[in-house]
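Novice: Okay, here's what each chain looks like letter by letter:
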Amino acid sequence: MRAYYILALSILLAVSMEAAALSGVKHDRPKVQSLASEFSQTMAIGRESVMLAGLDAGRASLRLQQSLAEDYGLLVQCGSGWLHSLSDISCLIATRTLARALYSSLINPFPSEDRGLLKIEFEDAAEVSVLREPEGNQISMPYNLQASEMASVIQAETLGVDYRQKAWVRAQFQAQLDNLQANLTVPLIFSSELSLSEKWVFVNNLSGLAAKDPRVLDRLGQEIEVGYHTQGLHEQSLRLVENVDVRMPADQLHRFLLESSESDQALQAQRDMQIVNDRIEQSISKIAQSTGAQVQCSPADQLSSLECLNTLQRLQSAFSRQQVVVLPAKEILVVSAQESQRMIDSFTAPETAQTVLVVREDFFFGTLANFFFEKGWTL
Amino acid sequence: MLALLFSLILTTHATQIDPAIVNTFKVLQWGQPPTLVGAQFESARALVADQLKDLGASIEKQKFTNENCGRYMQVTHDLGQQILQSLLAIRSVDARSNSDDLQTLHQVRLYLLIPSYFGLHALFESRREAGFGILDVNHGAACAFSDREAFEGRFTKVVRSLSMFLREGIGNPGLLGFDGLTDRLLIRARAEEDHADQLWWGVVGGSVVASILFWEFAPPLALASARVVFGVVPNVLQTPAFVFGLRTVTLAGEGFAYQLADSSIQPDQSSFKPNQLGTWDEQLSSVQELLDTEIDAPAKYAIAVNMIKAQMALLYEPWLKANAAAFSQDSLVHP
Chain R
1 MRAYYILALS ILLAVSMEAA ALSGVKHDRP KVQSLASEFS QTMAIGRESV
51 MLAGLDAGRA SLRLQQSLAE DYGLLVQCGS GWLHSLSDIS CLIATRTLAR
101 ALYSSLINPF PSEDRGLLKI EFEDAAEVSV LREPEGNQIS MPYNLQASEM
151 ASVIQAETLG VDYRQKAWVR AQFQAQLDNL QANLTVPLIF SSELSLSEKW
201 VFVNNLSGLA AKDPRVLDRL GQEIEVGYHT QGLHEQSLRL VENVDVRMPA
251 DQLHRFLLES SESDQALQAQ RDMQIVNDRI EQSISKIAQS TGAQVQCSPA
301 DQLSSLECLN TLQRLQSAFS RQQVVVLPAK EILVVSAQES QRMIDSFTAP
351 ETAQTVLVVR EDFFFGTLAN FFFEKGWTL
Chain U
1 MLALLFSLIL TTHATQIDPA IVNTFKVLQW GQPPTLVGAQ FESARALVAD
51 QLKDLGASIE KQKFTNENCG RYMQVTHDLG QQILQSLLAI RSVDARSNSD
101 DLQTLHQVRL YLLIPSYFGL HALFESRREA GFGILDVNHG AACAFSDREA
151 FEGRFTKVVR SLSMFLREGI GNPGLLGFDG LTDRLLIRAR AEEDHADQLW
201 WGVVGGSVVA SILFWEFAPP LALASARVVF GVVPNVLQTP AFVFGLRTVT
251 LAGEGFAYQL ADSSIQPDQS SFKPNQLGTW DEQLSSVQEL LDTEIDAPAK
301 YAIAVNMIKA QMALLYEPWL KANAAAFSQD SLVHP
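Line order of the protein sequences matches chains R and U.
Residue 18 in the numbering used here sits at position 18 of the first sequence; the count goes up by one each step and never skips.
Residue 158 in the numbering used here sits at position 158 of the second sequence; the count goes up by one each step and never skips.
Here chain R stands alone, though its shape is the one from the complex:
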């Protein structure tokens, strides 16, 4: 009988403790939710900052617009007319507000399978106006709206729009690009200023050329940058980059790619690269000696050898001056701006997250020093 009393008392005690704990959780829940919302905002800001690092207002607006096009299928631009034109600064203010609203999930009006074209134009005007077209709507709005105001305008105007046609173009382009890239020995990098249709036409052209003459696929360089200007294969800080104008006609593109691949400059640069690779090995070994950490430039990255070397030497320099006494990481991974962006975007926690220090190639020395200082690891 006594055992039953003890058991009943235990259950009573357990239930009351649980009830007290649950009421505590209930009380804390708004706090936790607000923290999660701030966390999501911090991530959005982090991603945006990495993406825009070092860009001036005009280029930062373009980069953000490109990103919104890729992530949300939104075509965003700033007014260019005589009456409603916007300065770069105003354009950046507007685009940042919209990006923040989207990335922090204040609005996400597009179903993932139907991401297509909705054109948003920011203007130096007082009113919102909507132009309805069969292939999508165009919304013109003042540049200085709050994020919540932008959200409500977009949500009110995007119901029932057919985005399928644009989605089909995007899928076709991606398939062709993947196919081409699988055969090309170097990556194709598109300038952020290019529109989807420009990129598609270029990829079409290049695919056609490759089918006729496979020699165009064998590149000496490290990458081909497609933009609005042309420059033959050249040594740009020992990085063999070929700048190709996206508007180049097929025959001219063919000639250009074949001629530039035979450049003597490329061969010289390759010889110089051997020296750089040797220096990289030396730096890695010295950093390992002074910190005990294994360091490497991200193997899956676009980082050039010289950029890798430059960063390693700056790190080596910082460590050899004993500005960082104890390194909190077993591994150091040097990444490019694009790779760091990808890592932040993919956002999966690797098993070694706590022990890997990720350093972007253009790391700002003072910030790194301050970071270590804050954590008590320096000076």
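I should point out that these hints are in silico values taken from the structure, not numbers from a laboratory.
Virtual Cβ for every residue (Gly too), placed ideally from N, Cα, C.
Where hints are given, some of them may not hold.
Short, incomplete list of chain R residues facing chain U, as computed with Cβ under 8 angstroms [as the list claims (entries may be wrong)]:
| # | residue |
| --- | --- |
| 1 | 57 |
| 2 | 89 |
| 3 | 90 |
| 4 | 92 |
| 5 | 93 |
A short list of chain U residues far from chain R (calculated; beta carbon distances all over 10 angstroms) [said to hold, decoys possible]:
| # | residue |
| --- | --- |
| 6 | 25 |
| 7 | 143 |
| 8 | 193 |
| 9 | 198 |
| 10 | 221 |
| 11 | 241 |
| 12 | 249 |
| 13 | 302 |
| 14 | 306 |
| 15 | 310 |
| 16 | 313 |
With chain R held as given, fit chain U onto it using these hints.
Specialist: Frame of chain R, contents of chain U only:
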């Protein structure tokens, strides 16, 4: 049975967010607030200012024939002086008004100047202040000081004090703080643009009126003056070629004046990157560019602040990734 019940209770609570994570996140969000306020702030600032002045005086005494040494010392000196200037201009956090834009600009300037100063100190400490090779980190050139150790001691003391002051006196704004700072800088840059636009239209309107008045009154006045001076109007002044030439020159002058007004009215929106330790020359040039930037250049500062913000985001990235699960929807639904 009891153990089972208690373990059930404990398991239920294990999924809550760790208070340590919450605290770390708060630090990440808001950064480190300044702890030196009021009199403590003033006395710490006076100490740093004295050390900077002392180092400045010591630099002025140094004489070098080597061009790079001369340049390095000059840049270090100028940077120290500008840090001092901004240091003296800011107020303690408890005496700061949110609407004071100049305070914001001085504060941002310190975020940029002080790390650049760290960079120059790092060069000195590694005996590479007169140059280093990008392909060989061991290759460096040091300047010949009469008493290098004493100078280095002073320099290091200033750097440490500035580090401390940056953290304790000014605080570290954190990611959201830096974002707010960027917003304010961009809004200020936009206001400057508006002001410049208004000024530009004022100049255009004024010059149109001046031009009308000139063409209305200048030719008859010129003819009357010629008549007074020469008795008659010289024939050359009445030839179509002369009149055409005069008009051309005057119109070209007006165009030139517009160009000049435009370039001087428009605020500077070029960008610069904070010191990134490339080659020796790039590093010094980057600091010089920073020094040449007027305090009232919010657009430039906004870009530079974004650089710092991006670096902070990357440095905290492993932490953010590792704690993502703690903030996931599951934790909220099943606490």
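Novice: May I ask which of the numbered hints given earlier this structure violates, with the numbers listed in increasing order?
Specialist: 6, 8, 13, 14, 15, 16
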